[in-house]
Amino acid sequence: MRSSATRRAAGAPWLLKAATWAGVLFLHVPLALIILYAFSSEDKSYVFPPPGLTTQWFAVTLERTDVWAAVTLSAQVALLSTAIAIVLGTLAAGALARWQFFGREAISLLLILPIALPGVVTGIALRSAYHTLEIPFSFWTIVIGHATFCVVVVYNNAVARLRRISPSLLEASMDLGANAFQTFRYVLLPQLGSALLAGGLLAFALSFDEVIVTTFTAGQQTTLPIWMVQELIRPRQRPVTNVVAVFIIVLTFIPIVTAYWLTRAAEDGSAR
Amino acid sequence: MSVASLAAANPAPSLSDRLSTLIFSRRGLLPALLIVPPLLWFGVIYLGSLLSLLANAFFRIDEYSGTVVREIGFANFVAIFSPANLDVALRSVTMAVAVTLACIGIGFPIAYYMARYARGSGKALLYVAVMLPLWSSYLVRLYAWKLLLAKEGAISWLLSALGLQWLLDGVLAVPVIGGSSLSFSPLGTFIVFVYMWLPFVILPIQAAIERIPGSCLEASADLGAHPAQTFRKVIVPLAMPGIAAGSIFSFSLTLGDYIIPQVIGNSTLYIGQVVYRQQGVAGNLPFAAAFSLVPIVVIGVYLWLAKRKGAFDAL
Amino acid sequence: MTSAVALNQVSCVFHAGGKTVQAVDGVDLDIRAGEFFTLLGPSGSGKTTCLRMIGGFTLPTAGSILIHGEDMTHRPPYARPVNTVFQDYALFPHMSILDNVAYSLMVRGVERSEREKRAHELLEMVRLPDAARRRPAQLSGGQRQRVALARALINRPGVLLLDEPLGALDLKLREQMQSELKSLQRELGISFIFVTHDQHEALSMSDRIGVFNKGRIEQIATPAELYERPATRFVAEFVGAANVLSGAGAQTLTGHDNAMIRPELIRFGAEPGARARVTVAEAQYFGAFWRLHVASIEGTRLLADVPTSAAVPTVGQSAFLHWDDGAVHALGAA
Chain Z
1 MRSSATRRAA GAPWLLKAAT WAGVLFLHVP LALIILYAFS SEDKSYVFPP
51 PGLTTQWFAV TLERTDVWAA VTLSAQVALL STAIAIVLGT LAAGALARWQ
101 FFGREAISLL LILPIALPGV VTGIALRSAY HTLEIPFSFW TIVIGHATFC
151 VVVVYNNAVA RLRRISPSLL EASMDLGANA FQTFRYVLLP QLGSALLAGG
201 LLAFALSFDE VIVTTFTAGQ QTTLPIWMVQ ELIRPRQRPV TNVVAVFIIV
251 LTFIPIVTAY WLTRAAEDGS AR
Chain E
1001 MSVASLAAAN PAPSLSDRLS TLIFSRRGLL PALLIVPPLL WFGVIYLGSL
1051 LSLLANAFFR IDEYSGTVVR EIGFANFVAI FSPANLDVAL RSVTMAVAVT
1101 LACIGIGFPI AYYMARYARG SGKALLYVAV MLPLWSSYLV RLYAWKLLLA
1151 KEGAISWLLS ALGLQWLLDG VLAVPVIGGS SLSFSPLGTF IVFVYMWLPF
1201 VILPIQAAIE RIPGSCLEAS ADLGAHPAQT FRKVIVPLAM PGIAAGSIFS
1251 FSLTLGDYII PQVIGNSTLY IGQVVYRQQG VAGNLPFAAA FSLVPIVVIG
1301 VYLWLAKRKG AFDAL
Chain R
2001 MTSAVALNQV SCVFHAGGKT VQAVDGVDLD IRAGEFFTLL GPSGSGKTTC
2051 LRMIGGFTLP TAGSILIHGE DMTHRPPYAR PVNTVFQDYA LFPHMSILDN
2101 VAYSLMVRGV ERSEREKRAH ELLEMVRLPD AARRRPAQLS GGQRQRVALA
2151 RALINRPGVL LLDEPLGALD LKLREQMQSE LKSLQRELGI SFIFVTHDQH
2201 EALSMSDRIG VFNKGRIEQI ATPAELYERP ATRFVAEFVG AANVLSGAGA
2251 QTLTGHDNAM IRPELIRFGA EPGARARVTV AEAQYFGAFW RLHVASIEGT
2301 RLLADVPTSA AVPTVGQSAF LHWDDGAVHA LGAA
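Protein chains in written order, with this note's numbering: chain Z, 1 to 272; chain E, 1001 to 1315; chain R, 2001 to 2334.
Heads up, some of the hints might be wrong.
What the hints assert, rightly or not - Non-contacting residues of chain E with respect to chain Z, defined by C-beta distances greater than 10 Å in every case (computed): (1) Tyr1064; (2) Phe1077; (3) Val1093; (4) Leu1148; (5) Pro1199; (6) Leu1269; (7) Trp1304; (8) Gly1310.
As the list claims (entries may be wrong) - A short, non-exhaustive set of chain R residues, derived as facing chain Z with CB atoms under 7 Å: (9) Phe2057; (10) Met2072; (11) Thr2073; (12) His2074; (13) Pro2077; (14) Tyr2078; (15) Asn2083; (16) Thr2084; (17) Phe2086; (18) Ala2090; (19) Asp2099; (20) Tyr2103; (21) Arg2108; (22) Trp2290.
Stated by the list, open to error - A few chain R residues facing chain E, derived, Cβ under 10 Å: (23) Leu2059; (24) Ala2062; (25) Gly2063; (26) Ala2079; (27) Arg2118.
Because the hints were derived from the structure by calculation, they are not lab data.
Positions of the beta carbon are idealized from the N, C-alpha and C atoms, including for glycine.
Construct all of the structure, not just a fragment, from the sequences and the given hints.
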């Protein structure tokens, strides 16, 4: 939307500008504070400003076995859920991207539902299913839940990319002698690749960070978010929690930014 | 080109060729094959879970053995309407509405600025700045507020540095929203909710405002309307689908959340907490199932209202 | 004369959003070996669908398609000895130009050195010898079109299908490519099946033209026959400007119930021997000629093209029209 030249020259009313920057500050100060606290030398409370700065807590955290166990579990769950989500999401995108058929809208709604409904609902639904079928809590009960809501993330990326691939590319490939499998391998997959990667990274970040559905499906197991919630309610060693928080920021931030960058790069590159 | 050389150029079809041809000649085969695995997964696992949820809502717990009795009954639904539970439901809905209004109030100016005044790299920067919190972990952001709101935390420190400690004490003394400290009060819960969902509300509003053709606003001015009138009569109605879409996020996310009230709130309960508490071995799973239908119904109503405001076109 | 491609009573019906569309309706076509054949018609007339059926991208719902005498109606595209140049060129964006051109050899398992050698030869032929290592995004529209051509021809197909390949090019480039394509076809000696909605293109390039309208072929003929002796009113009006007369007006002026006269065959002259007396309503300047819109006393409207070198009547003036007997072409009923 183009504003008129006069308005652009006048600039925004100062009140609006102030409100905007206040809002942005509101969004970012808490995160900055966390990073500060990770270096705080105070270990008994959340006092501000921190009495001193130190890096000792990083070493302490690295020695905490419960932290490592939680990280390992979260990573394993995330990797496996992402793998499942990539397969199911790509298959679903392949089926729904182009063809019109009966029930197509219903199926895409079904894929979105796990994320659209509140986590509590998805969580308790899975919980009651496990209970009814007398399935004990295990690594797999967590993975099943995570894979289910991660599918839509991969699906969205895959469908968006598939819709941008011109059908004439696939026809050209077949015209030149490649059968369906060769076309998939030489033409479709390379085009789809970065979208699947982006979707997979987002799914990983989503799974790694998820807590609500996980608490319903994990039983006694502790993923990193569950560990975090326990620390939030009953802090054990505050500085360690601070360090873990910084660690989580980095671990979820990197995949998301990479996915964002991948999607943007592809959009610019294939704008033909 | 002779037919003979044609045959030489095309050797006998391989297995993948024959499979390809099969897929090719039956138009509906490929999408049907592709959709089966995801459909099976979602049908069995997800729909199955939802069905079991629904079924459990009608069952009840045997008080002595603690096992679920699989008989259809409406005891759970009657229990939902008990004063204590109604209280919980009402509190959750009130909080959701309050959070939504606050998010819109704070988010609209930001969205407006982003859509109408920000340009080029400044705009990209602002976009990233709004998205950045979304990219960091929900729990970390919650933890950050725990630190901020703590009695000895940054906000306290700031207020006492400004000599406004009395203001904080006054607010905390107010009965319904106050508490022992900000981090153990409904007010604190409210602040954190607003913080969490703000980006979700800003982005759809910004997209909707951006879609308003500049020529509409110029036409309004040309026809004699003051900026305030243009805002009220043209911008707000046209931005409404985006506002409605953003509000869906803040409303439904607040209604279903139980971690934030648990970490930041006092002992008053919200829907999510009740469901969570009851789902354990010591609890009443059927009741939890029934109670979880409440947010579904409320969100369903909200979605219907939002759809009428055009939210689905703005998503 | 051997048949390269034959369509027998081919129909194609689409079902889209609850509606049934008869895209192609009972088309018979016989394209000879070594011929430059154009499928001409307005958009939606079925010409592209026909081309796609020959290529194998769309399956006919009735009828049969024979390529080099063999029934290939239900064969997938990769099993047909035809290749296609697509309207949007469809170059694979993630491959280099050389890999694009060599693609069909690659999927058939030809060794790298052999297929790269052939690909270089083809690039020489379309005069893009230095483009091998570049990517499609780095080339201009005209260059991409030539790469698409090279890629389609590397297999030495007996039939080349071209789906409005020149539509995206600007006028000068288009005219240049028209003559290049024509000479390429003559050189290669294979059949070209060309789809376009541009009648100038069709007339200048083709050995024969099939004119499509609403899923049917109205006429198959050489360009000259099509222009001078159109079979139906539609063909008359589609291929060039035409005066199509029917009813009482036609009877008075030509003695036929339905007739056509090309505007350039109408001359202005003196009253003796004139065919009609008209007033000039409008005049359009086309550089090489003036197009005058005239109306007779009975109300029949005609177009007359007059070279700018001749004396041109002005608007509002009264004038007399002359034409030879041979200029009148009787049309079938509508």
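To see whether the hints hold, each was checked on the structure:
1. No beta-carbon of chain Z is positioned within 10 Å of the beta-carbon of E/Tyr1064; the least distance is around 18 Å.
2. No Cβ of chain Z approaches the Cβ of E/Phe1077 within 10 Å, the least distance being about 16 Å, so the stated non-interface status holds.
3. The beta carbon of E/Val1093 sits about 13 Å from the closest Cβ of chain Z, which is more than 10 Å, so the claim that it is off the interface holds.
4. For E/Leu1148, the non-interface assignment is contradicted: its Cβ lies about 6 Å from the closest Cβ of chain Z, within the 10 Å cut-off.
5. With a cut of 10 Å on Cβ distances, E/Pro1199 falls inside the contact zone with chain Z, its closest approach being about 7 Å.
6. Once the 10 Å rule is applied to beta carbons, E/Leu1269 is consistent with being away from chain Z; the minimum gap is 13 Å.
7. Even its closest Cβ contact with chain Z, about 14 Å, leaves E/Trp1304 beyond 10 Å, as expected for a residue assigned away from the interface.
8. No beta-carbon of chain Z comes within 10 Å of the beta-carbon of E/Gly1310; the shortest separation is about 18 Å.
9. Among the interface hints, the one on R/Phe2057 holds; its C-beta lies about 5 Å from the nearest C-beta in chain Z, closer than the 7 Å criterion.
10. Among the interface hints, the one on R/Met2072 is violated; its C-beta lies about 13 Å from the nearest C-beta in chain Z, farther than the 7 Å criterion.
11. Using the Cβ-Cβ criterion of 7 Å, the hint placing R/Thr2073 at the interface with chain Z is not satisfied: the shortest such distance is roughly 16 Å.
12. Because the smallest distance between the Cβ of R/His2074 and any Cβ of chain Z comes to about 14 Å, over 7 Å, the interface hint for this residue is violated.
13. Because the smallest distance between the Cβ of R/Pro2077 and any Cβ of chain Z comes to about 4 Å, under 7 Å, the interface hint for this residue holds.
14. Taking 7 Å as the C-beta contact cut-off toward chain Z, the hint placing R/Tyr2078 at the interface holds, the least distance being around 5 Å.
15. Of the supplied interface hints, the one on R/Asn2083 holds, with its beta-carbon coming within about 6 Å of a beta-carbon of chain Z, less than 7 Å.
16. Interface restraint check for R/Thr2084: the shortest CB-CB distance to chain Z comes to about 5 Å, inside 7 Å, so the restraint holds.
17. The closest approach between the C-beta of R/Phe2086 and any C-beta of chain Z is roughly 5 Å, which is under the 7 Å cut-off, so the hint is satisfied.
18. Against a cut-off of 7 Å between C-beta atoms, the interface hint on R/Ala2090 holds, since the closest Cβ of chain Z lies about 4 Å away.
19. A distance limit of 7 Å between C-beta atoms decides the matter here; for R/Asp2099 the minimum to chain Z is near 10 Å, and the interface restraint is violated.
20. With 7 Å as the threshold, the beta carbon of R/Tyr2103 comes within range of chain Z, its nearest partner Cβ sitting at about 5 Å, so the hint holds.
21. Given hint, R/Arg2108 at the interface with chain Z, holds; its Cβ is 6 Å from that chain's nearest Cβ, closer than 7 Å.
22. Here the hint on R/Trp2290 is broken, as its CB sits about 43 Å from the closest CB of chain Z, past 7 Å.
23. At its closest, the beta carbon of R/Leu2059 sits 7 Å from a beta carbon of chain E; the interface hint therefore holds under the 10 Å criterion.
24. Interface hint status for R/Ala2062: violated, as the beta-carbon distance to the closest one in chain E is roughly 16 Å, over 10 Å.
25. For R/Gly2063, the interface hint is violated, since its Cβ never comes within 10 Å of a Cβ in chain E; the closest pair sits about 16 Å apart.
26. A cut of 10 Å between beta carbons decides the hint on R/Ala2079: the least distance to chain E is about 7 Å, and the hint holds.
27. Look at R/Arg2118: its Cβ only gets to about 14 Å from chain E, farther than 10 Å, so that hint breaks.
Checked against the numbered hints above, the structure breaks hints 4, 5, 10, 11, 12, 19, 22, 24, 25, 27 and satisfies the rest.
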